[in-house]
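Assemble the complex: chain A is given as a structure, and chain B must be docked to it using the hints.
Here's the letter readout for the chains.
Protein chains: 2
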Amino acid sequence: MVLLDGKKTANDIKDEITISVNEMIDLGEKVPHLAAVLVGSDGASLTYVGSKVRACERVGFNSTLIELPETTSEEKLLKVIQDLNGNNDIDGFIVQLPLPKHIDEQKVLNAVNPAKDVDGFHPENFGRMALEMESFIPATPYGILQLLERYQVITKGKHTVVIGRSHIVGRPMSILMSQKGPAGNSTVTLTHSHTKNLSEITKQADIIIVALGVPEFLKASMVKDGVVIVDVGISRVPDDTKPRGYTIKGDVAFDEVSKKSSFITPVPGGVGPMTIAMLLKNTLIARKRNT
Amino acid sequence: MVLLDGKKTANDIKDEITISVNEMIDLGEKVPHLAAVLVGSDGASLTYVGSKVRACERVGFNSTLIELPETTSEEKLLKVIQDLNGNNDIDGFIVQLPLPKHIDEQKVLNAVNPAKDVDGFHPENFGRMALEMESFIPATPYGILQLLERYQVITKGKHTVVIGRSHIVGRPMSILMSQKGPAGNSTVTLTHSHTKNLSEITKQADIIIVALGVPEFLKASMVKDGVVIVDVGISRVPDDTKPRGYTIKGDVAFDEVSKKSSFITPVPGGVGPMTIAMLLKNTLIARKRNT
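If you're matching them up, the sequences are chains A and B in order.
Take the first sequence: its letters are residues 1013 to 1303, numbered as in our numbering.
Take the second sequence: its letters are residues 1013 to 1303, numbered as in our numbering.
A hint or two may mislead.
Once the Cα atoms are required to be at most 27 Å apart in a straight line, the calculated DSS-like pairs of lysine-lysine come out as [said to hold, decoys possible]:
{"id": "1", "chain 1": "A", "residue 1": "1170", "chain 2": "B", "residue 2": "1170"}
{"id": "2", "chain 1": "B", "residue 1": "1170", "chain 2": "A", "residue 2": "1215"}
{"id": "3", "chain 1": "A", "residue 1": "1300", "chain 2": "B", "residue 2": "1119"}
{"id": "4", "chain 1": "B", "residue 1": "1168", "chain 2": "A", "residue 2": "1208"}
Label-pair distances were calculated between CB atoms; the ranges are [stated by the list, open to error]:
{"id": "5", "chain 1": "B", "residue 1": "1027", "chain 2": "A", "residue 2": "1109", "range": "20 to 26 Å"}
{"id": "6", "chain 1": "B", "residue 1": "1114", "chain 2": "A", "residue 2": "1212", "range": "49 to 55 Å"}
{"id": "7", "chain 1": "A", "residue 1": "1301", "chain 2": "B", "residue 2": "1041", "range": "42 to 48 Å"}
{"id": "8", "chain 1": "B", "residue 1": "1080", "chain 2": "A", "residue 2": "1101", "range": "40 to 46 Å"}
{"id": "9", "chain 1": "B", "residue 1": "1114", "chain 2": "A", "residue 2": "1101", "range": "37 to 43 Å"}
These are computed hints drawn from the structure, not numbers from a lab.
Positions of the beta carbon are idealized from the N, C-alpha and C atoms, including for glycine.
Looking at chain A on its own, in the form it has when it is part of the complex (with noise of 0.2 Å):
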């Protein structure tokens, strides 16, 4: 068994983009320059917030973070997005989510320029993703793809399993990994919550990719022997015997299905830490258009 291990991928991506932006200074060329918008003080999106900005940092980029109170109008909101659009200093922007109830996401992440949707999450980038046109591929599917494809996993030929159709994970999982391409050409089956007889489909399975949200929702016996397991969920779940009252575990029941695995990414440590990577990747790509 094989751990793909998303902490030392991301790192190495990471050092990747630093020895691409120190080219860029060498060249006397702009460095990529990420905006992220945060509306509200909602503790685990100033976390995530954080993180991005302390990446940027880390790989040299240049950042603004944006902060807006609560009670932002969504006018407000749209009116700094058109200005974030109309900034040519900012290659890409993303904008925290969720947004307060009073405030239309759909709407704002529409307004967001294409060209500087590093989140990848504007319809437009959406449908070029899935006509193999240039796109921004969104953060976690993408460092799936980095994940199988530097640990040379074989998915050409491979059945593949899905399970949830979220619109940032499941759904174009599914669509990437059945078209041609690194880590694609795989046979792909998504499933949902009206599947019937998962188990079924997924002891068929060579590859599974979980992201449901459900803890420890993948069981050994659901498996065969030698599958690779991709598990995107991540769950605080309460444990007493840990000093913040509560373990991260999971939609894989990591300690038995490990055991028939040939490759299993770990929670936390595999998905999660790919996610900014994969954010800081689609950044420099965007600042490399943007000449």
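Leaving out everything else, chain B in the frame of chain A:
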């Protein structure tokens, strides 16, 4: 075995559209107006465009056919599209494919205003469809959904196998049938040229959608009893006994597979006629949004 009669269903849909158009006329509203752009004089393209124009007349739409010579430059074609985008009298328009080789097809399709893109080929519409937002569903997939829905074929919780990953049929069908909504909530496996043991997969399918373009590819030995078959293929096979010298064949060996099917589309008269009906439906939708 029930025949999924596309010819009859398409006529039903055209009748419904005619009723809507008559209501518009009674209310003194402008009727839908579809424009079609044809570059060159390819025989098949002329036939297709002619059918679309006649279908418009049949339901009471206005239609405009813009015929451009084979030698039209890309720049000139893009100018024509800009004019159509800006022409408020035109609710929707299509550019008949294929285009002459000196013109970049994707560039042309991307130039169409997504709000008038009644073929649903613009990446923004494709992304909106995949993300379950308001969009134009490409005519052939839309027609298949309508056939399944109107014949009350149960798709929820069923296993659908799609053969072929083209951008205009296989890919969108695999997305649509696994989404929520009518003719959705299916567990979908998308198969393609790199799929191994295809027969093992198709034998598990409750519903099979074949869009390969290989005459009589799907045999009875590849399906289970009671399967639902949607055949998107349409090939001309040489046949000296026919006055035209050819027979039209689908991707399914109809005679043998139909004996095991609960529902099956014939070729011709199945999916084919639905495509034009759904183009009209999209144009009606465009008209209603364009008010």
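Checklist entry - Quick check: which numbered hints come out false for this structure? => result Per hint list: single violation, 5.
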